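S.K.: Listed below are the residues making up each chain.
Protein chains: 2
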Amino acid sequence: MKKQNTEIRQQQIKRAVLEIIASEGLAQLSTRNLAKKIGLSEGAIFRHFKRKQDIILAIIQDIRTDMLERMCVVARQDAPADKRLFKMMCIQVKYILKNEGINILLFSEAAHYNDSVLKREIHDILSSQKKIFKDVIKSGISEELWSDRINVDDVVMLYMGIPINLNIELVLNRKGLKTESFCKRMFALFSNILINQ
Amino acid sequence: MKKQNTEIRQQQIKRAVLEIIASEGLAQLSTRNLAKKIGLSEGAIFRHFKRKQDIILAIIQDIRTDMLERMCVVARQDAPADKRLFKMMCIQVKYILKNEGINILLFSEAAHYNDSVLKREIHDILSSQKKIFKDVIKSGISEELWSDRINVDDVVMLYMGIPINLNIELVLNRKGLKTESFCKRMFALFSNILINQ
DNA sequence: AATATAAGTAAGTGATTACTTATGAAAAAA
DNA sequence: TTTTTTCATAAGTAATCACTTACTTATATT
Chain A
288 MKKQNTEIRQ QQIKRAVLEI IASEGLAQLS TRNLAKKIGL SEGAIFRHFK
338 RKQDIILAII QDIRTDMLER MCVVARQDAP ADKRLFKMMC IQVKYILKNE
388 GINILLFSEA AHYNDSVLKR EIHDILSSQK KIFKDVIKSG ISEELWSDRI
438 NVDDVVMLYM GIPINLNIEL VLNRKGLKTE SFCKRMFALF SNILINQ
Chain R
288 MKKQNTEIRQ QQIKRAVLEI IASEGLAQLS TRNLAKKIGL SEGAIFRHFK
338 RKQDIILAII QDIRTDMLER MCVVARQDAP ADKRLFKMMC IQVKYILKNE
388 GINILLFSEA AHYNDSVLKR EIHDILSSQK KIFKDVIKSG ISEELWSDRI
438 NVDDVVMLYM GIPINLNIEL VLNRKGLKTE SFCKRMFALF SNILINQ
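The listed protein sequences derive, respectively, from chains A and R.
Take the position in the first sequence, starting the count at 1, then add 287; the result is the number in our numbering.
Take the position in the second sequence, starting the count at 1, then add 287; the result is the number in our numbering.
Any given hint could be a false lead.
Said to hold, decoys possible - On the chain R side, residues computed to face chain A include the following (Cβ under 8 angstroms):
1) LEU392
2) ALA398
3) ASN452
These are computed hints drawn from the structure, not numbers from a lab.
Here the structure is a predicted model, which is why all the values come from computation and not from measurement.
Just so it is clear, CB atoms sit at the ideal spot from N, CA and C, and this is done for glycine as well.
Working from the sequences, and respecting the hints, build out all of it.
M.R.: As structure tokens, this is what we get:
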């Protein structure tokens, strides 16, 4: 195998991890299987990541930059809150569908190993999402788009069920999910709640 | 170890499994650790369950009888739909809190081993829950308690996020959950949705 | 009391796990 | 060109996994 520097190898390893999880399941994510997938020796993996868990943590960091930060950018845009909320929902739903429930699988990994570091990371991501949505909803209330009688915390909790539900149904091999209309339907439903509270 | 018949041992084994999952995590659920917890030899486990997976499947069956069937009984009671809905939510939330997110942990097990039988079982339980709620909401619409403009499927999906969220937050060691008021708050929020759609 | 059966154990099985060590070779720096 | 550093590998490591085997013992039935 031709030599490559650590950065390139780290990218390859992370990509291979996601492929294995999506196609074979978490239990098949052994360092042996991982090395085989890339075409490297098993030992080489440990040159680029000190521990197997560090690969998972690096992937979680990628979720932060690929999904959370993009949602954050939209949340700060100069546009009406309802437009921003819709865009944020789209980013999240598209990311989940593109990555086939990868974040809930990472949750499963955290639950499986009862790993407090991993649990904390997942918890932080969920909290960040909540905070972003909370701010946009508050902003929509000041813009007088939505009722000022709504309990923002309750509504955000209700909202969070949508992506989590989607993740779980993807993992459980749900058929017949109309991906195209999903975002619009959920946004319409959620708008009603925000207006009519 | 004194001899006991299979029924008693099966109960002991199932209880020990739940204790290990709750206190040590799924990864510590080895047949060795399980036997040690009960005070039996490892081989004795396999006299009472053919495979380790069969223990998990038996526990899922218990979830059905302990939670789903009780919800079903309430759903069929002769009472206004809103009263029934509230009682069902309470049964579910109490069960989740009492069993510390056990069903989402079983979901994690299914996801981890990519086990189609287990996945199917979890999916069936979620589907059954949805069906029960759907019927009660429809009943509430005929009783003219709630708006007939609501899309029942969407609302049920939104509802399902509540228990799933609760499960996940329990696994991720959320602090400061006001368990007492949780049910009432969520029911109030959900009632508004059903009335104002 | 003799016998059959169910429930128990100790000590394995091979497979797999994450990770290490010793060694060598390619690439980069001197 | 020589030296140094980085990356790769083959071949380990001890630990753990679900599960089995061979055998023993308690209990229920005849």
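S.K.: Next, verify each hint and record whether it holds.
M.R.: Structure-based check of each hint:
1. LEU392: Holds. Min distance 6 angstroms.
2. ALA398: 4 angstroms, holds
3. ASN452: Holds: closest Cβ of chain A sits about 5 angstroms from R:ASN452, inside 8 angstroms.
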